[in-house]
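First to last, the sequence lines map onto chains A and B. FYI, the numbering used here numbers position 4 of the first sequence as 365, with every residue one higher than the one before it. FYI, the numbering used here numbers position 196 of the second sequence as 1227, with every residue one higher than the one before it.
Don't read these hints as lab results, they were simulated from the structure. Quick caveat: nothing in here was measured; it's all calculated off a predicted structure. The beta-carbon is built from N, C-alpha and C at its ideal position, and this holds for glycine as well. Watch out, some of these pointers could steer you wrong.
Derived pair list, reagent style DSS-like, types lysine-lysine, alpha-carbon separation capped at 30 Å [as the list claims (entries may be wrong)]:
| hint | chain 1 | residue 1 | chain 2 | residue 2 |
| --- | --- | --- | --- | --- |
| 1 | A | 388 | B | 1135 |
| 2 | B | 1124 | A | 388 |
| 3 | A | 371 | B | 1041 |
| 4 | A | 388 | B | 1041 |
| 5 | A | 371 | B | 1126 |
Derived list of chain A stretches under chain B, where covered just means 3 residues or more per stretch with a C-beta under 8 Å from a C-beta of chain B [what the hints assert, rightly or not]:
| hint | stretch |
| --- | --- |
| 6 | 374-386 |
| 7 | 389-399 |
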Amino acid sequence: MSEKYVARSKAVAARVLGGEMMIMSAKDSTLFSLSDVATVIWEAADGRTPLSEIVERRVCAEFDVPANVAYQDAEKLVEELATRGILSVSSQPFAEVERSGSEAP
Amino acid sequence: MRLMQELNQKALSLGVPLSVHVDVTYRCNERCEHCYLDHDDHGEMTTAEIKDVLDQLAAAGVFFLTLSGGEVLMRRDAFEIIEYARSLSFNVKLKTNAVMIREKEALRIRALGIEQVQVSVYSHRPEVHDAITKLPGSLKRTIAGVRLLRAQDLRVNIANVLMRSNRADAEGVRLLAEELGAHYTLDPTVTPMMDGNTSVLRHRVDADDIRGYFHNPDLVGDVESFCAPPVPVDESIREGLPCSAGHTSCYISPYGDVYPCVQFPITCGNVRREKFIDIWQHSPQMNEVRSIRIKDLTTCSSCTHAGSCTRCPGLAYMEGNMRGPSSADCEKSYVRTGIVTAGMMARKSSASTAPGLVQIAPAPSISA
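Here chain B stands alone, though its shape is the one from the complex (with noise of 0.2 Å):
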């Protein structure tokens, strides 16, 4: 652990761009019902396009590699892909709904050394994971293709992002990982649409389901120190940085748009248009992320949770200011150590100052 801290210390001081998160394309089998995406294809780079900049992403020193989509085995060429960032020396880790994967694919991507491949479960009932995913006999597909990785040995991850549909459903996949031999992510996080678009957000989970969540030690592992309050905040929290995006991190869509980040779709630039280490360096945007430490942040620099909250500025930027809260990082900081926030604090007083508004839900009840 000591020598990937020391990587990426040494990554941010170099201004190399370490971890970069490739979506190579938008398209997928499955609709499922939080998805931030549209899956039609607005013109995805070709196969040549991609090569290209692989090449330039391994020149700028790009070491770990995350494939991504939509879903990255609807492209034909998917194993080209995957094959080429190999020959380039990447630590490939796929994200994939496991649909797709027969023993066939199973065996090339042990064959290509892949490091990880991350499948998304909803649910161990299949009547809850099909009806999120909206494709018939998805979950029961899902399995036998993490069964199919398993065999070959390949690091396995279930990420298991919760709604309202699947609240229930955290233990469940948890033992399901467990009996699949995979490791278990929970991530009770749906963010806005790429476009903006929030109408996803009404199958985000509330505050009582995280709260749960956060102080089930079988999915937390030490309760006491997941929810332990807030360190105090020194000068060297106030100098750190917001998260990695754009700093030692960022992401390309399959159109060659290149933001901070998959959560963060502010556009820095287009390979299309620009060689990537141009955009990495030069780009107005990446700029203006790469300035922002914790003491700039217009509300969260006097929050105590400011040295030990999961802010997501792109989460942030969706809220209409990247230097502003997140209210979903607010709410996980809030339920994990009943301390409130600074952002928590501002909504209130925002709200009880604004002329005309009208509460149509009970504010949370609050205690220090």
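So here's chain A without its partners, still in its complex pose (with noise of 0.2 Å):
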């Protein structure tokens, strides 16, 4: 299993209200809400910190959820965010990305 990075986009926008997270894509104004599991993992989007581990310490221990189910679900959740603009994916940290130069494939 090759490892994932995730980073919160530069360019939404997003505030919790309610106990739901709200987010607004800068590019075209699309607002969103994301679930509960979506919001740990989009708090937890630090760019350095592998997803699997954000599934571990976070997904798991929140919600009662097998570690094997919740990596494949939050795999599925990162490409969607990350088609919508609201995450990045990445094979390796973040930083590193940015040092090199180069666009989260």
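Build the complex from these two chains, which are given one at a time in their own frames, with help from the hints.
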């Protein structure tokens, strides 16, 4: 399994309202409401912590779900959030991506 | 759109100020003839004070933040403030005249993830625009700024305030916006100055001009829908809110004064002396504004336009009564639909019974 790293997009606005994470894309002003699991991943998406660690330490700790199932769901979720421009996904930590000057895949 | 309505409803039920407009300065490089501000610095908040306010706004749940002025870029720390706001994950909209935007500024605005930039343009003709701003060359520089913003794929909204001096230029500005790839917004409202001085109202266009704008499909879209007769007033309308001011939105001046709205200059507190959240939740003025429902309005509660009027409580306040009609909005409702408003009837009745008043201009012809 190749590791994945996720980073919050710099082009979105975010705020928790009544316990619900609201995200708005600056690119097209689309408003999103994140689920509880997506919110946990979003908040932990610092670009340095591997997705597997986020799932193990945050998702599995807060939600009663087996690690392998949680990881598969998390992978699908981050890919979907990436297609919407809310998260970036990379196979290496984002500090390294930024240092090398390359774009996240 | 449904999610946005849900967001607004949720903010309303939770008492969260979802949208806040912060003017970081009243200084400006233009001197627009209709402007409601004076442009002196009476002691603006420092960078640290503004950052502290932004921290408080984020903690209060503010999501949409409008940064404006004056000219926001007149502050040397403008980008430090914008960057700090974005680090707090606000959805930031900038209002500017774009005169000071060069490539470097456009690149930075893009990099900071600004959602929208609103730029004031008064005319597509330099001689008209520059005469209004009193800054020679301003239209050329504004257009250049907009082009640089658009080159960064930023969303630009061109706000076109219409006055006597540019009354004929709405179509020209709309076409200019189209050519620039910008959204166009028409606004035929000139507001009194913050201190209540009404001298700038002499720049307002007249009813015939507004009628022309409101019946032009290029400016309003579906004229039949835009100018449709008012919807029947039922109990849900009577129990409704006059507008979002004080309910899910408010305004903060460069000096820290908190108002329900930029057009509603009733001071509710000052963030230099009190916490924002205390002003928002406990200010008597804010709570008075918040307590008003359509049914509580002195004249408008019985008006057939109550459910569809754009009545601005701030303009009504500046006319003397926050529960009263706003004559500018009465006029708009009338020219839009051809149906007389309760406010117009009340004024006509008052004028006809008041002794000693001399009519110096003919009243508009009224036909239901």
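Hints, one by one, checked against the model:
no.	hint	in the structure
1	A/388 / B/1135	holds, 20 Å
2	B/1124 / A/388	holds, 13 Å
3	A/371 / B/1041	holds, 26 Å
4	A/388 / B/1041	holds, 24 Å
5	A/371 / B/1126	holds, 21 Å
6	374-386	holds (count 9)
7	389-399	holds (count 4)
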